[in-house]
Amino acid sequence: MMADKLKETQVDMDPKPQDSPPRTKWMWRIFLLNLLLVGSHLGEFWPFSIFPMFSKAGQPWSRAMVVEVPLSDSYSDPSAMLWEPLDINIHELKAISLDERGIDKIDFSNYVGKTERWTPEVVSGISKMIPDRPEQGMAWLVLKVVGRMDKGTVSVQGQPMVAVTADTVVLSPNLYPMEDNP
Amino acid sequence: MNRMKQWVKALEQSLFDDQPICSESKAVRSGAWVHFRLFELFVAAWAIAYAWTWGLYTFKSSVVVLELGLANYIHVASLFGLPSMVIAALVTLGIAVSITRLWRWGYLIAILALHLQYVVRFSQGEIPHSSNLIGFALLALGVGIATHKDPVAQVRFTWGFLWFFVGLGYTSAAVSKLVGTGITWIDGQHLVLWIHEKAIDYASMTGAWSPNVLQSAILNSAWVGTLSLFIGWFTEAIGVLMWFRRLRPWVVLVTIGMHFGITWTMNIVFVAFVMQLILTGFPWVEWITTLQQKTRMSPSSSDGPTLKS
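Chains A and B supply the protein sequences, listed in that same order.
Counting with our numbering, you get residues -10 to 171 for the letters of the first sequence.
Counting with our numbering, you get residues 444 to 752 for the letters of the second sequence.
Bound conformation, chain A alone (with noise of 0.2 Å):
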């Protein structure tokens, strides 16, 4: 039966289109559906889409990415060099690889840059997600990246939100949640 099943697979050498037309109203019934469910689904219902990747141009972005910087001894201290706001050059663009660690970088982004409430969970979970430490001296800044472009030029600043540290893991001051702050 098989067999059988599997010569008529095997397509006449001489075929005669003309006598057997394909059913072309099944397209446009299926083009019909596919306006129906991108128009009831916001644009998406796989493999139907109306492709609106990059459709919004000139929007703001947010990303996340760790540095290494030098630590200070005053790094509690809200004012301290170490919280103050990057302006990011990408030229020079030098981070702690994600990858290297088994970090997926858009859960990554999505962990720091969503994140409106820094409790004492989330930053444990950002200590568990990186599995090593800097050396003594030094601390790994996880930094919030937003991208805008404001008059025609394009900025990129990172806000530290977090330290690592060889012994610690620590938030910044001027995140705390505001009924800690005195």
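Careful, some of the hints might be misleading.
As the list claims (entries may be wrong) - Straight line, CA to CA, 27 Å or less: simulated DSS-like cross-link-like pairs of lysine-lysine:
1) B/Lys737 x A/Lys117
2) A/Lys94 x B/Lys641
3) B/Lys641 x A/Lys45
4) A/Lys14 x B/Lys641
5) B/Lys592 x A/Lys14
6) B/Lys452 x A/Lys14
7) B/Lys469 x B/Lys737
8) B/Lys503 x A/Lys103
9) B/Lys641 x A/Lys103
10) A/Lys45 x A/Lys14
These are computed hints drawn from the structure, not numbers from a lab.
Go by the hints and put chain B onto chain A.
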């Protein structure tokens, strides 16, 4: 209305009749059949690979962040982990029974199951489009083979359906940019902003980033960026010209160029898209048949290859 009907008829002729499988030449028809079966193998391999890799990823998922497609109606969190392996097996089985023509409805079952697997996997916030072309191909095979018994009609329907949706998809992307931003979308500073975003992504992933020649040129002069964006947008806009066989290889060629351009400027790689466009967008059958005929007609061909010492 009559004009509309004429236009639809002309489009259908272009999509479904102007194909190598309808050729006068028996050699071209045979080649077209081999090409179609190779295309089926290509789509099957990618679809099965997607089904299992997406399924395996869901073992790490715990909550639904984004509800896409059928996820609006089904609680997809209950499909994370082992159930997604069952879905992957269903995709594989559906493809296996259809590619061997044991059951004509297998591809349709596979595309439905793969849609489900997509919404389970991408319930985490990201909406990638890298698999849409393979999705269209599997859908084209599914509808084409389920609704036709004649193998020639199956081939004709599949190619016509596929080129209709692929061309439409690219043009739709161009229209989305006009709707989302407007004519100013092509401003080179937008590309500069995207290059910065992708640079941060790349450095975060690998530890460092430095611009290549094209990226440097765009960062130094927004006009280069404007020109790049205009070429990219225009290439997408003419996607519907893929509906016409004579224009298709040229449109596909510039579209592949556009995908390489996106890779060089924004580090986004389109492996499946480019492979599928190369496999399907060029008249391989005619080229190979012509080459074979020329080789046969060549007087030295009967002597076979000779080795030079």
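*asked:* Need the list of violated hint numbers for this structure, in ascending order.
replied: Hints 1, 4, 10 not satisfied by this model.
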